[in-house]
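Trainee: This is what each chain is made of:
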Amino acid sequence: MSLFVIITFLILAFLGMPLAFSLGVSALAGLWMSGFDLAVLSPRLMNAVNSFPLMSIPLFMVAGELMLKGGIMDRLVGFANAFIGRMRGGLAQVAIVSGAGLASVSGAAVADASALSSTLVPSLKKQYGLGFSSGIVAAAANLGPIIPPSGAMIVYAFMAGSSVSVGGLFMAGVVPGLILFVALMALCWLIAWMRDYPLAGTPFSLANILRETRRSFLVFLMPVVVIGGIVIGAFTPTEGAAIGVCYALFLGFFVTRQLKLSDLPEVLLTAAKTSALVGAMIAFASTVTFLFTIDMLPMQLASLMKGITDSPFLFLCLISLMLLVVGMFLESNAAYIMLVPLFHPIALQYGIDPLHFGFIFVLNLVIGMLTPPVGVVLFVVTGITGVRMGELVRESWPFIAAMYAVLLLCMLVPSVVTWLPTWLGY
Amino acid sequence: MIADRLLTTILTRVDSGARLIVIGGAATMVAVVSAQVVMRYVFNGSFDWADEVSRIAFVWTTFLAIPLGIREGAHVGITLLVNKLPAGLRGAISRLMNLLAAGMLLVVFWTSIAVAAATWSERLGAVNMTSSVFFIPVILSAAHGALHLINLALHPLPHRPAEAMA
Numbered sequence: 001m002s003l004f005v006i007i008t009f010l011i012l013a014f015l016g017m018p019l020a021f022s023l024g025v026s027a028l029a030g031l032w033m034s035g036f037d038l039a040v041l042s043p044r045l046m047n048a049v050n051s052f053p054l055m056s057i058p059l060f061m062v063a064g065e066l067m068l069k070g071g072i073m074d075r076l077v078g079f080a081n082a083f084i085g086r087m088r089g090g091l092a093q094v095a096i097v098s099g100a101g102l103a104s105v106s107g108a109a110v111a112d113a114s115a116l117s118s119t120l121v122p123s124l125k126k127q128y129g130l131g132f133s134s135g136i137v138a139a140a141a142n143l144g145p146i147i148p149p150s151g152a153m154i155v156y157a158f159m160a161g162s163s164v165s166v167g168g169l170f171m172a173g174v175v176p177g178l179i180l181f182v183a184l185m186a187l188c189w190l191i192a193w194m195r196d197y198p199l200a201g202t203p204f205s206l207a208n209i210l211r212e213t214r215r216s217f218l219v220f221l222m223p224v225v226v227i228g229g230i231v232i233g234a235f236t237p238t239e240g241a242a243i244g245v246c247y248a249l250f251l252g253f254f255v256t257r258q259l260k261l262s263d264l265p266e267v268l269l270t271a272a273k274t275s276a277l278v279g280a281m282i283a284f285a286s287t288v289t290f291l292f293t294i295d296m297l298p299m300q301l302a303s304l305m306k307g308i309t310d311s312p313f314l315f316l317c318l319i320s321l322m323l324l325v326v327g328m329f330l331e332s333n334a335a336y337i338m339l340v341p342l343f344h345p346i347a348l349q350y351g352i353d354p355l356h357f358g359f360i361f362v363l364n365l366v367i368g369m370l371t372p373p374v375g376v377v378l379f380v381v382t383g384i385t386g387v388r389m390g391e392l393v394r395e396s397w398p399f400i401a402a403m404y405a406v407l408l409l410c411m412l413v414p415s416v417v418t419w420l421p422t423w424l425g426y
Numbered sequence: 427m428i429a430d431r432l433l434t435t436i437l438t439r440v441d442s443g444a445r446l447i448v449i450g451g452a453a454t455m456v457a458v459v460s461a462q463v464v465m466r467y468v469f470n471g472s473f474d475w476a477d478e479v480s481r482i483a484f485v486w487t488t489f490l491a492i493p494l495g496i497r498e499g500a501h502v503g504i505t506l507l508v509n510k511l512p513a514g515l516r517g518a519i520s521r522l523m524n525l526l527a528a529g530m531l532l533v534v535f536w537t538s539i540a541v542a543a544a545t546w547s548e549r550l551g552a553v554n555m556t557s558s559v560f561f562i563p564v565i566l567s568a569a570h571g572a573l574h575l576i577n578l579a580l581h582p583l584p585h586r587p588a589e590a591m592a
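Protein sequence lines, in the order shown, are assigned to chains U and S.
Following this note's numbering, the numbering of the first sequence begins with 1 at its first residue and continues without gaps.
Following this note's numbering, the numbering of the second sequence begins with 427 at its first residue and continues without gaps.
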């Protein structure tokens with residue numbers, strides 16, 4: 001029966017039916033084939049969404065949107081420019097620092113790609129040309145789901161169940177996120193040096209640094225309050241996200257004064273619609289995973305994997321290879337929703353730390369957002385900057401290679417991922 | 427023609443209503459969840475209804491926003507293969523897929539009514555309200571979504587070469 005459901009899903013998905021509805025139709029067909037009462041569908045759909053932790057997804061989206069509407073990009077860019085603008089490839093590095101700053105308040109690569117492309121590419125392309133400029137912002141945007149908070153990690157933790165905490169997974173992303181951040185900056189410096197790009201940023205000045213630090217201090221305080229609060233157990237991720245929304249409202253209305261009351265309905269509606277796309281997939285996938293469980297598919301898959309290899313590292317390599325292929329065709333949220341319930345329990349059987357596996361899974365799919373043909377970040381950047389897809393992909397490869405290098409490091413040295421969450425008691 | 431106009435009018439009105447509820451639901455989530463944190467740390471107390479009310483708001487917001495995504499063609503799909511097909515065949519497949527998805531949503535609509543009716547007498551723990559309040563958005567969303575998909579089968583969205591993503 002599982003095979004029938006999978007084949008039905010694949011046929012419908014490749015014929016262009018939205019993935020959420022492909023899941024729904026294949027689940028319905030599976031229920032009907034198995035002789036189940038179709039009335040089980042409705043409670044499963046509702047119960048899949050009726051979750052307090054899942055609420056953090058729209059709330060973090062609202063917080064990120066409010067921060068952007070409130071004009072934080074200007075402050076982030078000013079801060080980065082004051083510190084590193086005058087270095088070799090300084091403006092490119094400003095984009096990476098701004099991307100990391102944005103990642104610490106938003107947690108979604110698509111929103112970050114949109115914000116970075118529209119605000120930074122016009123000035124970047126004057127120095128580096130459109131291709132490299134677009135490649136930089138695409139890479140910087142991909143820091144969004146790696147540095148906490150992260151929408152992708154929330155979806156992963158939700159699908160993995162009680163063995164993975166959102167706070168723990170957030171912390172698992174900190175060290176690899178910082179390594180990647182430094183690697184991207186070094187790469188910008190190297191490429192700028194090799195291509196002999198001119199020095200273009202703001203000259204280094206202590207007064208300017210102090211002024212920009214004061215201007216952006218409250219922006220950087222937000223992740224400290226929100227993520228810090230979650231980590232020390234002061235509030236749950238959902239409550240942290242709601243506090244983030246209140247913080248963003250305060251910042252936008254009283255500090256930057258760029259947020260208007262009339263912006264709020266649009267921000268709430270956009271966040272709700274975007275999170276509903278994920279919610280629809282989670283709802284319909286819940287019936288598919290129910291059928292898989294009845295059919296004992298996870299157990300069958302586990303014995304199949306055990307038959308192939310007993311090595312946890314080789315298992316991680318196989319999963320990474322699979323996600324590389326899956327990431328080429330499937331949007332990342334759909335991949336979390338369909339694959340995490342199948343492979344997370346198997347990883348536990350291999351004795352792999354759940355946070356380690358979770359982070360490797362997330363990083364794989366985040367890299368997939370930057371690789372063709374279904375690299376959603378690539379589509380957002382080409383749509384906004386007008387760069388040709390081929391040129392963007394060519395300019396993005398060094399950054400993608402750096403991300404794969406960090407992925408390999410995390411696979412070979414699990415403590416890179418697990419050290420911080422373990423130290424914090426997760 | 428009249429049926430077509432009627433469907434468009436209904437969808438326009440229902441979309442406006444759904445948008446208002448979605449905005450209200452999202453605002454309720456923010457207000458209730460943050461108020462709960464303030465209550466805990468400032469007033470050393472809590473609202474015993476906060477969890478249930480915020481979950482009701484979330485379920486309503488999510489399900490009522492799903493059809494709005496259909497209207498905008500925002501639901502993610504794999505268009506790699508169908509984009510390579512001739513326009514006529516692509517249109518026919520798109521219509522068929524929309525009708526199939528609409529059929530699935532109509533089954534969800536019908537079965538959800540039965541489930542809501544069966545649970546009508548059950549009360550929620552903290553709020554004096556029927557537990558069917560969680561199924562009503564599923565019913566509304568399924569009906570609204572099915573209407574949008576039928577409308578899309580009649581009037582497909584313009585062809586988009588790239589993958590769709592909100």
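Heads up, a few of these hints could be off.
Under the rule of at most 20 Å between Cα atoms (straight-line distance), these lysine to any residue pairs were calculated in the SDA-like manner [unchecked claim]:
#1 S/Lys510 with U/Met194
#2 U/Lys69 with U/Ser216
#3 U/Lys126 with U/Asp196
#4 U/Lys260 with S/Ala453
#5 U/Lys260 with S/Gly499
#6 S/Lys510 with U/Met328
#7 U/Lys260 with S/Lys510
#8 S/Lys510 with U/Leu3
#9 U/Lys69 with S/Ala453
#10 S/Lys510 with U/Lys125
#11 S/Lys510 with U/Arg394
#12 S/Lys510 with U/Met73
#13 U/Lys306 with U/Gln349
#14 U/Lys260 with S/Ala457
#15 U/Lys69 with U/Gln258
#16 S/Lys510 with U/Ser216
#17 U/Lys69 with S/Ile449
#18 S/Lys510 with U/Phe14
#19 S/Lys510 with S/Gly499
#20 U/Lys125 with U/Lys69
#21 U/Lys126 with U/Met194
#22 U/Lys306 with U/Gly351
#23 U/Lys69 with U/Phe220
#24 S/Lys510 with U/Pro53
#25 U/Lys125 with U/Asp353
#26 S/Lys510 with U/Tyr350
#27 U/Lys125 with U/Ser216
#28 U/Lys125 with U/Leu10
#29 U/Lys125 with U/Phe220
#30 U/Lys125 with U/Leu187
#31 U/Lys69 with U/Val255
Honestly, the hints are just simulated from the structure, not real lab data.
Trainee: All hints are to be evaluated individually against the structure, with a verdict given for each.
Mentor: Okay, the hints, checked on the actual structure:
Straight-line distance between C-alpha atoms of S/Lys510 and U/Met194 comes to about 40 Å, which puts the hinted pair past the 20 Å bound. About 15 Å separates the Cα atoms of U/Lys69 and U/Ser216, which keeps this hinted pair within 20 Å; it holds. Our distance criterion of 20 Å between C-alpha atoms is met by U/Lys126 and U/Asp196, whose separation comes to about 14 Å. Between U/Lys260 and S/Ala453, the direct Cα distance comes to roughly 16 Å. Compliance with the 20 Å bound is thereby established for this hinted pair.
Under the criterion of a C-alpha separation no larger than 20 Å, the hint pairing U/Lys260 with S/Gly499 is inconsistent with the structure, at around 29 Å. Only pairs whose Cα atoms come within 20 Å are accepted, and S/Lys510 paired with U/Met328 is accepted, the gap being roughly 17 Å. The hinted pair formed by U/Lys260 and S/Lys510 fails the criterion: a straight-line CA distance of about 45 Å is larger than 20 Å. Between S/Lys510 and U/Leu3, the direct Cα distance comes to roughly 27 Å. Violation of the 20 Å bound is thereby established for this hinted pair.
The hinted pair formed by U/Lys69 and S/Ala453 meets the criterion: a straight-line CA distance of about 17 Å does not exceed 20 Å. The straight-line distance between the Cα atoms of S/Lys510 and U/Lys125 is roughly 33 Å, outside the 20 Å bound, and the hint therefore fails. A hinted pair counts as satisfied when its Cα atoms are at most 20 Å apart, and S/Lys510 with U/Arg394 does not qualify at roughly 24 Å. Distance restraint check for S/Lys510 and U/Met73: the Cα-Cα separation of roughly 39 Å exceeds the 20 Å cut-off, and the hinted pair is therefore not satisfied.
At roughly 9 Å between alpha-carbon atoms, U/Lys306 and U/Gln349 fall within 20 Å of each other, so this suggested pair holds. For the suggested pair U/Lys260 and S/Ala457, the alpha carbons sit about 18 Å apart, so the restraint of at most 20 Å is met. Annotation: proposed proximity of U/Lys69 to U/Gln258 holds, straight-line Cα distance about 7 Å (limit 20 Å). Only pairs whose Cα atoms come within 20 Å are accepted, and S/Lys510 paired with U/Ser216 is rejected, the gap being roughly 48 Å.
Proposed proximity of U/Lys69 and S/Ile449 is supported: the alpha carbons are some 17 Å apart, at most 20 Å. Annotation: proposed proximity of S/Lys510 to U/Phe14 holds, straight-line Cα distance about 12 Å (limit 20 Å). Restraint check for S/Lys510 and S/Gly499: satisfied, since their Cα atoms lie roughly 19 Å apart, inside the 20 Å limit. Taking the CA atoms of U/Lys125 and U/Lys69, the gap is about 24 Å. The hint is violated against a cut of 20 Å.
With a C-alpha separation of about 18 Å, the suggested pairing of U/Lys126 with U/Met194 holds against the 20 Å cut-off. Taking the CA atoms of U/Lys306 and U/Gly351, the gap is near 12 Å; set against the 20 Å cutoff, the hint holds. A distance of roughly 16 Å separates the Cα atoms of U/Lys69 and U/Phe220; the hinted pair therefore holds under the 20 Å criterion. Among the hinted pairs, S/Lys510 with U/Pro53 is inconsistent with the structure: their alpha-carbon atoms are about 40 Å apart, more than 20 Å.
Restraint check for U/Lys125 and U/Asp353: not satisfied, since their Cα atoms lie roughly 43 Å apart, outside the 20 Å limit. Only pairs whose Cα atoms come within 20 Å are accepted, and S/Lys510 paired with U/Tyr350 is rejected, the gap being roughly 42 Å. With a C-alpha separation of about 25 Å, the suggested pair U/Lys125 and U/Ser216 falls outside the 20 Å cut-off, and the hint is violated. For the hint linking U/Lys125 to U/Leu10, the alpha-carbon distance of about 41 Å lies beyond 20 Å, and the restraint is violated.
The straight-line distance between the Cα atoms of U/Lys125 and U/Phe220 is roughly 27 Å, outside the 20 Å bound, and the hint therefore fails. Distance hint between U/Lys125 and U/Leu187 is fulfilled; the C-alpha atoms sit about 18 Å from each other, no more than 20 Å. Distance check on the hinted pair: U/Lys69 and U/Val255 sit about 13 Å apart at the alpha-carbon level, within 20 Å; holds.
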